[in-house]
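**Student:** Place chains B and C on chain A using the hints.
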Amino acid sequence: MLNKNTHILNEAVITITSDWGNRDYYRAAVEGALLKRIPGCRIIAVSHEISCFDMLEASYTLRNAWQNFPDGSIHIMAVRSEASIEHQHVLVVYGNHYFIGADNGIFGLLFDEKPEKIIAIDIHQDSSVFTFPSRDVFVPVAAHISEGKNIEELGQVQTSFKEHIPYKPVIEKDLIKGIVIHIDRYGNAITNITQAQFKKIAKNRRFEIQTNRNSVNRVVEAYDDVPEGEMLAVFGSTGLLEIAINQGRAKDLLGVKFKDTIRIEFE
Amino acid sequence: MLNKNTHILNEAVITITSDWGNRDYYRAAVEGALLKRIPGCRIIAVSHEISCFDMLEASYTLRNAWQNFPDGSIHIMAVRSEASIEHQHVLVVYGNHYFIGADNGIFGLLFDEKPEKIIAIDIHQDSSVFTFPSRDVFVPVAAHISEGKNIEELGQVQTSFKEHIPYKPVIEKDLIKGIVIHIDRYGNAITNITQAQFKKIAKNRRFEIQTNRNSVNRVVEAYDDVPEGEMLAVFGSTGLLEIAINQGRAKDLLGVKFKDTIRIEFE
Amino acid sequence: MLNKNTHILNEAVITITSDWGNRDYYRAAVEGALLKRIPGCRIIAVSHEISCFDMLEASYTLRNAWQNFPDGSIHIMAVRSEASIEHQHVLVVYGNHYFIGADNGIFGLLFDEKPEKIIAIDIHQDSSVFTFPSRDVFVPVAAHISEGKNIEELGQVQTSFKEHIPYKPVIEKDLIKGIVIHIDRYGNAITNITQAQFKKIAKNRRFEIQTNRNSVNRVVEAYDDVPEGEMLAVFGSTGLLEIAINQGRAKDLLGVKFKDTIRIEFE
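Protein chains in written order, with the numbering used here: chain A, 10 to 276; chain B, 10 to 276; chain C, 10 to 276.
Same shape as in the complex, but just chain A:
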């Protein structure tokens, strides 16, 4: 009766991004199903606290996490995962990683380039329940992949997925106008302005970064580059411009909010 896995364990790395929260049984149900189908797999929570149904937050979070994982990792996107006639379940192969979810536009927010392969998933699911595809469809798909089987057995190859236009900064000769796309637990405001965009326009000119009420005229490399309690701008680990306060909460102290405009004016 014991769970003696004398066979060789599969060390597949599988991540889950969801809006289930950490209180309910949904996460455990999927993790249990994964361990039953893929004994030995490693399951990592990207986040289970995505705001309910929020594709932008879900894609922001997975987009910044997945590249840290080993090649061959399988990423389950459990936000808005129900299939419908317009939104098929798909497996996307991108950068030697596997992504499983519903084709509702979320994949267009995750990747910058064309994916290596897209498969429209067409398998018999594990139960007669249609409300829990992460457990009943995505787990068997992950098992299929981690067993090294041909992924084209999972369904038909398709050439594109649904697009969803991300918020992109407005870029002019002497101006970049972006928005705050995320506020993290520290109250840091992460914008949609990339370091590459900034460098291309800046050309070593002087500049001013403006929030609603405040401004800074340099970009630092680390939070501690300014005294405690002082405002700063930094290209953080996302590669995106962040407005922060060293050891403090930019959200509260500077009054920056989700979707606020952030302007960079160049001399």
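Do not rely on the hints blindly, as some may be mistaken.
The list treats identical chains as one, so a pair stands whether inside a single copy or across any two.
Derived lysine to any residue pairs resembling SDA-like cross-links, with alpha carbons at most 20 angstroms apart [claimed, not checked]:
no.	residue 1	residue 2
1	K45	E20
2	K266	G30
3	K123	G104
4	K266	D63
5	K126	Y103
6	K266	R32
7	K45	Y103
Derived from the structure by calculation, the hints contain no laboratory data.
**Tutor:** This is chains B and C only, laid out in the frame that chain A set:
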């Protein structure tokens, strides 16, 4: 000094259901103790955010999670886990799974059938502290099980555990009257009415499902079967009737609350 | 393209203590980087819900967790982890465990004795980003350790770390005066008074433990030693005196708060 486990690793799957929260050190202490005693074990959180001391929520959560796990999995119930003269620590074997907790009525809420075996745990605990049985009693019990030892060495076999009567729906010829037993993170209201109970009374008759203020007269198979923002009833992954709103919060928009009555009237 | 780890897996146990929260991608980024560098490692969250920048809470939490883990475990302290000229990154070896963090005083709060070894970390980090040392510095250090390499290759041995004076109780002939250093999810108030300090002064005398508004004159061994709803004092799993209510919230019902004075008067 390195942790080189040259011996064969034990791939026991161990779950924990607790009301410790995810902020405090309690969860890490138990997970560390498990990894020390059972190197290689897989530890899955069913939930650490059960409302403090709430046996109903704890049993609802583990009840819906455990069957997804592989045979031989060990489930630690850390809610109300202190032993007393009336509430012994017990190991329950049910459906080829192991459950460890205090015999305070919680097991009566977890299972539908008689368990395969019940053992009253009688071992020397790991410390002189009596406030942390999950670490000091349940971890050594889990180690004993996962080493494949005879579980009857853990204590005396007993023939029953304490019962705790769950809320059951009232079922009449043309009526099922249940209650809301859980509200999940989406604001979905899960009732105590099972699909089997519904089918037995419905016999393909027309019906109306009534909350305090609203009603629907069909059961759908998936949230997306109704337009966004519309009320629906569905037998979800629990097998229980759920009142929900597609992409919305039934709790807020329909005003359904924990313990509200839900009526199904049949023609 | 699959993640087939045919090499021997490293079973290093690695814990993380952070203030990232469980919503953001930071935790997943570090866990992914760990699995990429150390395939097979076990990653345990001590907590990701430490109050932002709170060294006292971070040290309280890890201090009570780490000894439960197997020898050779690696503990990443991700709270206030940015390096600066005053706060170098260090690796501390203590009690056959490894601790990685910034030398900002936090290690002085973690240990009672002198550590076995302190290394000032001096390695090339994994990226050009300086805001995410847990991923870009601590992960490669953990990989170095778990590969069994000489830790002195990581940097120069130093003889001490920064001290940070913890709140210590005032101890007189007939009085111990401590403070509440933590309130847990149950509303239990954990003080800084140790069982050893208590025993040394008590010498079997009668005593009274006083909060702002209430008092008890005995110490019990378990919460259930008093009737439900009643106040109690217990030396809990931390070894520290706790003020609690059996099945209730001392914080709310007794009005005890973080940093409140707790007095024990002896006859």
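**Student:** Of the numbered hints stated previously, which ones are contradicted by the structure, given in increasing order?
**Tutor:** Nothing - there is no hint that the structure violates, so all of them hold.
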